[in-house]
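Could you build the full structure based on these sequences and the hints that come with them?
Below are the chains, spelled out letter by letter.
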Amino acid sequence: MGRRRRRQPDPADAARALPEAIAALSRTLPAAPSPEIFRRAKFDRPEAAPALWRLLFHVLSPLSADSASVSFTLEAQVRWVKSVLHSQGYPRLALVQLQDDGSQGGRELLLALAWLLARGPLPERLLTQSHVRLGDEMPVCECEALASPGPPAPRVEAEGSVDIRHLQWLMGKLQLRWRNLMAGQQEQCALLGKIHSYTRGCHSDRSLGHLSVTETELLRDPEGGRQLLQRLETENARLEAALEWRHRELVFWRWMDTVLDTCPLEASPPTFLPRIPEPGAGAAGLPVRELQALQEELQALQEELRKAVEARRAAWQAAVGGHGPEWRAARRALQVAVAQDLAALQWAWEQGKGQARPHGPRRLVRTEARVPGRLGLWATEATEALRAREACLEAMLHQLQGQCRQELARLVGVRPGLIWVPPPAR
Amino acid sequence: MLPAECSRRLVAELRDALDSCAELQRQLEQSLRVSRRLLRAWEPAETPAPEPTPGPEINEEAPSSACPPSPQDLKELELLTQALEKAVRVRKGLSKAGEGVKAHSLKSGSTSPATRASAPPSTSHCAGSCAPGTKPPRGIRHPWVPAKDLPGRRLLLVGDGAHMGKGAGANKPEAGLRDQQIIPQAAPPVPEAFTLKDKGALLRLPEAFRKAASRNARLWAQLSSMQTGDSVDAAAATAKTQFLQKMQTAAGQPGSRLSSAEVGRLQKACSLLRLRMREELTADPKDWTQEYRSLLTLEGLQALVGQCLHRLQELRSAVVEQPQGPWPEGPPRAASPCGGGADPMWSPQLLLYSSTEELQTLAALRLRVAMLDQQVHLEKVLMAELLPLLSEQEPLGRPWLALCRAAHCLLCEGGQRFLTVLRDEPADRLSPP
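Protein sequences appear in the order of chains A and B. Take 1 as the starting number for the first sequence in my numbering and just add one per residue. Take 1 as the starting number for the second sequence in my numbering and just add one per residue.
No lab work stands behind these hints, which were simulated from the structure alone. What you were told as hints is all true, and nothing was included just to trick you.
Below, a list of computed lysine-lysine pairs in the DSSO-like style, where the Cα atoms sit at most 30 Å apart:
#, chain 1, residue 1, chain 2, residue 2
1, B, 199, B, 86
2, B, 211, B, 199
3, A, 307, B, 380
4, B, 199, A, 194
5, B, 211, B, 197
6, B, 286, A, 307
7, B, 197, A, 194
8, B, 92, B, 197
9, B, 246, A, 42
10, B, 211, A, 194
11, B, 197, B, 86
12, B, 92, B, 199
13, B, 380, A, 173
Everything numeric in this text was worked out from a predicted model, so none of it was measured.
See the structure below:
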C-alpha cells in the first residue's frame, strides 16, 4: 500500500483526488453527511449547516452520545457544540455568532471541523472510542472508574433549601450503593474466572487461549452474534476509510486553505457586549471555584513538601560529615538521575501522555502464572500501582478530615458550657 | 435548614455521585446477567430454528440446506434416531428416580416453539417427515461432535433440538418428555444439555467472525504504523500546522487564552506530584544514597509545585483581564485525566491474571480507588459549603448545635459516626435532693 506516494501526479487523478478524500472522510467519521454536503458548505449553502452541526456534536461528545443525541434538539446541540469548541480554544468568533437554530454557517462549521482534524488524530480517536470490544475489558489505569459526564442531560432542577439530614441520608444511600457495587463486582469476577477457564483452548488466537464473554455469547446467541459481526464489519469499513483518508488528506488541506481565504477577516473582539456573566464563571466557562480549589491543593502540597524537605535537609546536614571524596562524584550522579526522573514526571503532564503504560481498558486473559514471554500487564503489577494510589487518596481524605476536625473544634471551642464527646475511635 | 443556594449545590453534587454509581451498577448488572446466563445450561430456543437459512454469513460452509437428503444422510438419521430412542428409554428409567426434581425447567421450556409437545413419538415421526426434505434436518447432518469445521453453528443442539421437536435443555433428568438432545456418536447413556462447564472446551468461533476479527486487528495495526511518519505524513503535517496558524491569525483573537486543557494539565500535574510525594515519604531509605536521592527528589518536587502555582497565578490574572464573551455555559466538570492522556489509537493490550482471587483483588481495589476519589471530592465540596456556614452563624441555639453535630458527622466521620454534645451544667445549679 505504501508505494503509491512516489507516483507522478496525474491530472485526471488530481480532479478526482479531492472528492475521494472527502468521501473517505465522510466514510470514516461517525454520522457524517454525504460528500456533497461538504462541497455545499464551502459556498455556505443553508442545507449544509444542520448536518454539520450534528456531525460536530457527534464528534465532540463522548461515547454515550448515541443515545443522548436523540434527546437533544438541534438547538441544544448547537449550543453545546459552541461551548465545547470554545473551551478547547477555538479561535474564530464567527462560530459563536451563528444563530442557535442551526440554519446557517456551513462554511464556518467546515472550518471548525477542519480545525479539529488538524489538531489531532480525530478519526482514529473516534474509532478507538467506538471500537468493538471483543474481550472482557478492564481498565487499570489510575483514573476514574466512574463515568465522565457527556452533554448535560436535561435534568429537573432541585428545589430550595433542604435539611442537613437530607444530605446525611444521601450520603448513606451513596455508601450503600458502593457496597452493592463491590459485592456485585466480586461475583462478576468469579463468573468471569469460570467462563475463562471453561473455554480454555477454544480460541483461534493462541496468545489469548480462551474465549471472552462476548465471544461465548455470540456462540450461544447467533442473532446477537450476527449483530456483533455487523458492527465489526462496519468498523472495518471505517478503518479502511481512515487509512484512505490518511493517504489522501493533503489535497483536503489545500482545499481548506481556499475555503479559509473566502472568509472575510474577523473584527477584533472588544466591540460586542458581553452577556450577563454567570455568577462565579470565569472566561472559557471555567468556574472560578475550580481554579481556587486547584490553587489551594497546590498550596497544601507545597506546604507539606516544605516541611518534609526541611526535616530531611536538617537530618542530612547533621549526618553528612562522614563521607569521603567518592561522595562528590556519587552526589553528582544522583543529581543527574533525579533531574531526569523529575523531567519525565513533568513530561507526563505536559504532553498529556498518562503513565508509562498506555491507557485504556485491557482485555482480560487468564493464563498460567508467570509464563515468561507473555506480553501484557500482570494483574499483580496493576494491583501494586493501584495500592499506591489508594494510599495516597486515603492520606488525602484523612488530612482533609483532620482539617475539618480542627476547624470545628475551633468554632465550638469559643462556646463554653458544652462538652463534645467524639465518637469512639475505630 | 440550609440556605437554598448551598442546598442546591450540595444536593446536586451528591446526586451526581449517586448517578455515577447507579450507572456503574447498571453496567455491572448487565454483565452479571450475561455471565450467569452463559454459565447455566444453554437454551436452544433462542434461534427461530425452523428457519432453513439462518443468515448466509454464518452458514457459509454448511452444505446447502436446499438439496434433498442423500441416502447416506438418511442412514445417519436412522442411526441417530435409534440412539435417541435408546436414550429415551434410559432416560425414562432414570426419570423415575429423579421425578419432579425441578419443575421450573418444564416452565422454561414452554417458551420454545410448540412443536415440542409431542415428544418421543415425534422422533420417529420426524425421521419420517423430515427426511423427504420438507425441512432439511440440518442438525442431523452435523451430529454433535467437536468439529472444527462447523463454522456458524454452535456445535450443538440449537436447531437440532428444535427439529427433533425438543425444547430447552435442562441438565437435570426429567420426565422423559422433552430432552431428545442429540448425543454424540459414542452415545453415553444420559444426554445432557450444553453447559459451559462440561463442554466449553469444545466450542469454536464461526469462520466469518474470525475473519472479520483478524481483519480488524490487521487494519488497526496498519493504522497505528501510519502514525510513524513517512513523506506523505510529513507534508500533511506541515499543511495542518499552516492551516492552524492561518486560522489563528485570521481570527483576530488575542493569542493566549485560558483553556480548560491548560487547567486540566495543571490538575494532572498536581495529582502526579502528590502521588510521587507520597511514594517518597513512605519509602524507607536503606542507605545514605537513597536518603540523599529521596531528599533531592522532594526538593525537586517542591520546585515543580512552585512552578505550577506560578503558572496558575498567571492564568488567573489573565482570566480577570479578559472580557467575558457571550459563550454559553461550558460542559460540566473537566474531563477525567485519562481522557486527555488516552492513547488515540487502539492497540491490543492484555491484562493477565492467573487466579480468580487476583482478579477479584484488582477489581475491588479499582472500585475502592474510585470511591475514595469520589469521597475526597465530596469532602472538599462539603467543606467549602458547610464550614463558612457554621462560622457565620452566631446564635448558640439548638439548631446551630444540631448543624454542628451533623456537619461534624459528614465532614469528619464520612457520615458514619456521630458525636455527642453534652451541656455542661455548673454544679451549683443542681438542686440538692
